[in-house]
Amino acid sequence: MVNFNGNLLSKNSSYFNHDNRGLRYGDALFESIRVVNGKIFFWEDHYLRLMASMRILRMEIPMNFTMEFLEEQILACVDANGLLEKPARIRFTVFRNNGGLYLPQTNDVSYIIEANVLDSPFFTLNNDAYEVELFKDFYVNPDMLSTLKSNNKVINVVGSIFASENGYQNCLLLNQEKKVVEALNGNLFLVKDQHIKTPPLKDGCLNGIVRKKLIAILGSLDKYQFEEAFISPFELQKADELFITNAITGIQPITKYRKKEYETKVAADLLGKLNAAARLN
Numbered sequence: 000m001v002n003f004n005g006n007l008l009s010k011n012s013s014y015f016n017h018d019n020r021g022l023r024y025g026d027a028l029f030e031s032i033r034v035v036n037g038k039i040f041f042w043e044d045h046y047l048r049l050m051a052s053m054r055i056l057r058m059e060i061p062m063n064f065t066m067e068f069l070e071e072q073i074l075a076c077v078d079a080n081g082l083l084e085k086p087a088r089i090r091f092t093v094f095r096n097n098g099g100l101y102l103p104q105t106n107d108v109s110y111i112i113e114a115n116v117l118d119s120p121f122f123t124l125n126n127d128a129y130e131v132e133l134f135k136d137f138y139v140n141p142d143m144l145s146t147l148k149s150n151n152k153v154i155n156v157v158g159s160i161f162a163s164e165n166g167y168q169n170c171l172l173l174n175q176e177k178k179v180v181e182a183l184n185g186n187l188f189l190v191k192d193q194h195i196k197t198p199p200l201k202d203g204c205l206n207g208i209v210r211k212k213l214i215a216i217l218g219s220l221d222k223y224q225f226e227e228a229f230i231s232p233f234e235l236q237k238a239d240e241l242f243i244t245n246a247i248t249g250i251q252p253i254t255k256y257r258k259k260e261y262e263t264k265v266a267a268d269l270l271g272k273l274n275a276a277a278r279l280n
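Residue numbering for the sequence shown follows numbering that gives the first Met the number 0, beginning at 0 and increasing consecutively.
By construction, these hints were calculated from the structure, which means they are not laboratory data.
Virtual Cβ for every residue (Gly too), placed ideally from N, Cα, C.
Accuracy of the hints is not assured; some may be wrong.
What the hints assert, rightly or not - Here are the computed lysine-lysine pairs in the DSS-like style, where the Cα-Cα straight-line distance is at most 30 angstroms:
id : residue 1 : residue 2
1  : Lys-222   : Lys-258
2  : Lys-191   : Lys-264
3  : Lys-148   : Lys-272
4  : Lys-258   : Lys-196
5  : Lys-85    : Lys-177
6  : Lys-237   : Lys-201
7  : Lys-259   : Lys-177
8  : Lys-211   : Lys-135
9  : Lys-10    : Lys-148
10 : Lys-135   : Lys-222
11 : Lys-211   : Lys-196
12 : Lys-211   : Lys-259
13 : Lys-237   : Lys-272
14 : Lys-237   : Lys-259
15 : Lys-148   : Lys-196
16 : Lys-211   : Lys-152
17 : Lys-211   : Lys-177
18 : Lys-264   : Lys-177
What the hints assert, rightly or not - Restraint ranges, calculated between C-beta atoms of paired labels, are given here:
id : residue 1 : residue 2 : range
19 : Ala-75    : Gln-175   : 39 to 49 angstroms
20 : Gln-224   : Ala-276   : 12 to 22 angstroms
21 : Thr-65    : Tyr-24    : 20 to 30 angstroms
22 : Glu-260   : Glu-227   : 24 to 34 angstroms
23 : Asn-11    : Gln-175   : 40 to 50 angstroms
24 : Arg-257   : Ser-163   : 15 to 25 angstroms
25 : Val-116   : Ala-276   : 16 to 26 angstroms
26 : Phe-233   : Asn-106   : 42 to 52 angstroms
27 : Asn-6     : Tyr-101   : 27 to 37 angstroms
28 : Ile-55    : Pro-232   : 38 to 48 angstroms
29 : Leu-22    : Arg-257   : 18 to 28 angstroms
30 : Met-62    : Lys-152   : 26 to 36 angstroms
Please construct the entire structure, taking both the sequences and the accompanying hints into account.
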């Protein structure tokens, strides 16, 4: 079942057509959200990011788009799929309504909520081999639009195909200044000794929810030194650890980049603290 504008429909229903602006122009935003036993992880952060992104794209925010209303709609979809007592992955998509070419006829929006079951109720550390490579066919623009979770994800799609064809589990994206920006499916953190850093938003990385949470966690810990600073490709092979973050996986350690193999100690330490933050949220 999917929730389309408050109506619970079979996922095979025809609830939009070829005029959909998300399909035609990528004129859409989405949030990937973890829900466990009816509790939405980091819901306020997801909500505020969505509202800010809609304003940036000049979408009209409906009067009923309150935190409480959208939470009800998410949980209604979770319930309709029999997942209220299970861990679930939510995709909440907002798109501008039909009409117009590049210039829309309206800034009003519609939404779709999808729910799928997850394996674990908490973030877990995947210790399987996880090798990455740089993706250099195309580059991320270092601007505000790149920080939004929009439907314009062609570089992520092509990069994922490249990774699959070459036996990598993921790829790291570069911006036009040849700085390392992020992974295909999340933000990147680099660890050297007790120093941790992640690229700043101005480099074009996604304004990730778990990125934000980890920055707050690291700010409260004395044993690590943290900064938001650009990462060069040269630094990757000098690092002790690399890991990727997103709202569904939590923290994914990278085990290999080219000839360099990495530890996972800091990733494991921070994962426990991230789970604690999720439970208390």
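Against the structure, the hints:
1. Lys-222 to Lys-258: holds (29 angstroms)
2. Lys-191 to Lys-264: holds (12 angstroms)
3. Lys-148 to Lys-272: holds (25 angstroms)
4. Lys-258 to Lys-196: Measuring from Cα to Cα gives roughly 22 angstroms; hence the hint holds.
5. Lys-85 to Lys-177: violated (42 angstroms)
6. Lys-237 to Lys-201: holds (24 angstroms)
7. Lys-259 to Lys-177: holds (20 angstroms)
8. Lys-211 to Lys-135: Holds - the C-alpha atoms of Lys-135 and Lys-211 are around 27 angstroms apart, at most 30 angstroms.
9. Lys-10 to Lys-148: holds (23 angstroms)
10. Lys-135 to Lys-222: violated (35 angstroms)
11. Lys-211 to Lys-196: holds (13 angstroms)
12. Lys-211 to Lys-259: Roughly 28 angstroms between the alpha carbons, so the hint for Lys-211 and Lys-259 holds.
13. Lys-237 to Lys-272: Distance of about 26 angstroms is within 30 angstroms: holds.
14. Lys-237 to Lys-259: Status holds; Cα separation ~8 angstroms.
15. Lys-148 to Lys-196: holds (22 angstroms)
16. Lys-211 to Lys-152: This hinted pair holds, its Cα atoms lying about 21 angstroms apart.
17. Lys-211 to Lys-177: holds (24 angstroms)
18. Lys-264 to Lys-177: Within the cut-off at roughly 29 angstroms; holds.
19. Ala-75 to Gln-175: 39 to 49 angstroms: At 43 angstroms between Cβs, range holds.
20. Gln-224 to Ala-276: 12 to 22 angstroms: Holds - the Cβ-Cβ distance for Gln-224 and Ala-276, about 20 angstroms, lies within 12 to 22 angstroms.
21. Thr-65 to Tyr-24: 20 to 30 angstroms: holds (28 angstroms)
22. Glu-260 to Glu-227: 24 to 34 angstroms: holds (26 angstroms)
23. Asn-11 to Gln-175: 40 to 50 angstroms: holds (42 angstroms)
24. Arg-257 to Ser-163: 15 to 25 angstroms: The hinted range 15 to 25 angstroms holds for Arg-257 and Ser-163, with Cβ atoms some 18 angstroms apart.
25. Val-116 to Ala-276: 16 to 26 angstroms: Check passed, 23 angstroms falls within 16 to 26 angstroms.
26. Phe-233 to Asn-106: 42 to 52 angstroms: The hint (42 to 52 angstroms, Cβ to Cβ) holds, given that Phe-233 and Asn-106 are roughly 45 angstroms apart.
27. Asn-6 to Tyr-101: 27 to 37 angstroms: The hinted range 27 to 37 angstroms holds for Asn-6 and Tyr-101, with Cβ atoms some 29 angstroms apart.
28. Ile-55 to Pro-232: 38 to 48 angstroms: Given a distance of about 30 angstroms, which is not inside 38 to 48 angstroms, the answer is violated.
29. Leu-22 to Arg-257: 18 to 28 angstroms: violated (38 angstroms)
30. Met-62 to Lys-152: 26 to 36 angstroms: Holds - the Cβ-Cβ distance for Met-62 and Lys-152, about 30 angstroms, lies within 26 to 36 angstroms.
Violated hints for the displayed structure, listed by number in ascending order: 5, 10, 28, 29.
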